[in-house]
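Protein chains: 2
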Amino acid sequence: MSSPFVPGTSVRIEGRAGGSLDGLTFAAKDLFDVAGHPTGGGNPDWARQNPVPARHAWAVQALLDAGATLIGKTITDEVSLGILGENAFEGTPLNPAAPGHVPGGSSSGSASAVAQGLCDTALGTDTGGSVRVPASFCGLYGIRPTHGRLNLTGMLPQAPSSDTTGWFARDAQTFARVSEVLLSEAVGEGLPIRLLVATDAFGFAGPAVADALQGMLAGLRKVVPQVEEVVMAPPGLSVWGRAQRVLQPVEAWETFREWVERDNPRFAFSVAKGLVLGAMSSEADRGWAELMRREVCGRLRHLLTPGTILAMPTTPFPAPKAGLPLNALTPLRDQILCLCAQGGLAGHPQVNLPGATVEGRPVGLSILAARGADTLLVRTALALETLA
Amino acid sequence: MSSPFVPGTSVRIEGRAGGSLDGLTFAAKDLFDVAGHPTGGGNPDWARQNPVPARHAWAVQALLDAGATLIGKTITDEVSLGILGENAFEGTPLNPAAPGHVPGGSSSGSASAVAQGLCDTALGTDTGGSVRVPASFCGLYGIRPTHGRLNLTGMLPQAPSSDTTGWFARDAQTFARVSEVLLSEAVGEGLPIRLLVATDAFGFAGPAVADALQGMLAGLRKVVPQVEEVVMAPPGLSVWGRAQRVLQPVEAWETFREWVERDNPRFAFSVAKGLVLGAMSSEADRGWAELMRREVCGRLRHLLTPGTILAMPTTPFPAPKAGLPLNALTPLRDQILCLCAQGGLAGHPQVNLPGATVEGRPVGLSILAARGADTLLVRTALALETLA
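Sequence order for the protein chains is W and X.
So the number in our numbering is just where the residue sits in the first sequence, counting from 1, plus 49.
So the number in our numbering is just where the residue sits in the second sequence, counting from 1, plus 49.
It is possible that part of the hints are untrue.
Identical chains blur together in the list; that is why a pair holds if it fits in one copy or across any two.
Said to hold, decoys possible - Derived lysine to any residue pairs resembling SDA-like cross-links, with alpha carbons at most 25 Å apart:
#  : residue 1 : residue 2
1  : Lys370    : Ala259
2  : Lys370    : Glu310
3  : Lys370    : Arg306
4  : Lys370    : Arg97
5  : Lys370    : Asn99
6  : Lys271    : Ala419
7  : Lys271    : Asp260
8  : Lys370    : Ala96
9  : Lys370    : Gln98
10 : Lys370    : Arg311
11 : Lys370    : Glu307
No lab work stands behind these hints, which were simulated from the structure alone.
Values in this document were obtained by computation on a predicted structure and should not be read as measured data.
With these hints in hand, go ahead and build the complete structure from the sequences.
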């Protein structure tokens, strides 16, 4: 297990004095531009093809302006294509909550750094689960905001119709302070009025995770007056997962194609395979996946009316062992993506709440809300922490 | 341009005194086992999964026993999957005959070391052209022997139904001495009685290469009494190429699958893509390619009767520039494979003869013979050198 920081880098930029985040420290996933430092993207051949950035990414600048101090750039899965947090070139950041197990990815180093207490918060990105999964595996608060809400200038894209900037924290108070800055909105006092429990997602995760999350669900029931059980994905979570598994690699190939076809970069086999499959995706598959995306958007819009939140397990299991063979990891990755697909497809905000474990390893409870209702989720996290 | 030798390695093993190769030096492509040294295979993740070999590969031992001294292990395209000689991890060996241009691969370092005069001969492997192409690009004698003739123990396999061990030399005398050892057969005095000129292959290469090779063809006409023009591949060289492009990646995937699915190794994108396509090849495509292979074998058996040789350009052009973008290299690679496919499909022996240039860069003339008639080709090379 290696450091969460990109090997050979050293960065420290003081935040502006007197802001709302004065005294906090943060790290940025190596997909975010930091002026004067190459954006490595977790791949040895990425940085070479871009000039060293002259400006900070929007999210980095926003945290600095609010007073937080940048203390490092963190390891990411290669160009954010990965969900487990094992980077063959830069190493696997320590998961301090489950030593010997993966941290989750692709925002692996950011989650690891916060979980280790090396900084108070850290920027990540979430296209297909890259903040939610490491938050679940490392036992952190983590948000995938409403798609399109934040300014993504200076963040390395992957699949733009799903890409978001997210962040991590160890406690709900810090999480709320950072969220107010990056969402540019105060976290109010209003709590949800209706809680939907996604029985299909709990069923998919299985009894160990469902049992582990019962205590947190009970807490939510104390905070939210009205509770209903629903099937989130009537066609099946695996059908939603399949749609995302078609669309995301197609967009990733569009994003990286020029670079790949010019530079023939080095990748771990699994990363290259994903790009090849994206390039080979058929028109018919893409057409179907776009139709399913419309259905997912419709379903979540129907379920997640103003004041409603939906609860589901963030991941179907806690962090798997580090160093497993690829053919053991592939089915695990596919299972994870079935519980994450709704984020990339429909763009609703989702927050991972820490607080449960299976066999001693963290597993998170996710809450989702209407598009734009990000602060309602943050407010719920605060209420739940106060209860605990 | 880097050294032809594998970075960080240093090998020297004296040959047995008094043998027929006494006083010669040789290098071995990093696919051949050398006792006490890891077999790197041109990939940073290959060596880790195999123990350091305790015995020399058969071909290495044969050269040592004959008196040649091993002076180094040479760079190869990753696990022999490449035809241009650009290795993203270990560098591109210098082509001294065409500086700034690729050496050809996958036996890139072996060809480079011989062409630079760093050793007298060098071992390579040829599955789909990996000796013939660098011999053509670097201006060397090079042989792909009859498939199945040499003992391949200790040579890293790729596609066993096409794999061969080959070698390079700068002059025909040295080439003949080494050939007698590795073929375990004296090079006699008998010359071919019939020369077939493959008009389709010359047409495929185009006028610049065809014109450049006319002088060498004229030399062959002086050595061989009877000359006929033939179409080597009636269905088209691109159809033969297509059959090889189906079968070779399928076998390569079978060879490397267990490693890839366990270790998720790092590859240049183009290498990973080839393996993915091999894994995805359809039963129908494979069935067709096997049928075409039968036809290629029948066609070459019909043409290459005892005493007959066939002449064709080894490559459709001299060495391309080093460092071209991948999307410029891909069509060049596909064109090269159209002139190389008969080797992997039918297993006839083929020798590259140096002696021509296009725009100052070498391009070779190939001669092929009946299976088992390897020394007839070596004898022809000697006769042609004597003429010149």
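Next item on the list: Check each numbered hint from earlier against the structure, then list the numbers of those it violates in ascending order.
Entry: No numbers; nothing is violated.
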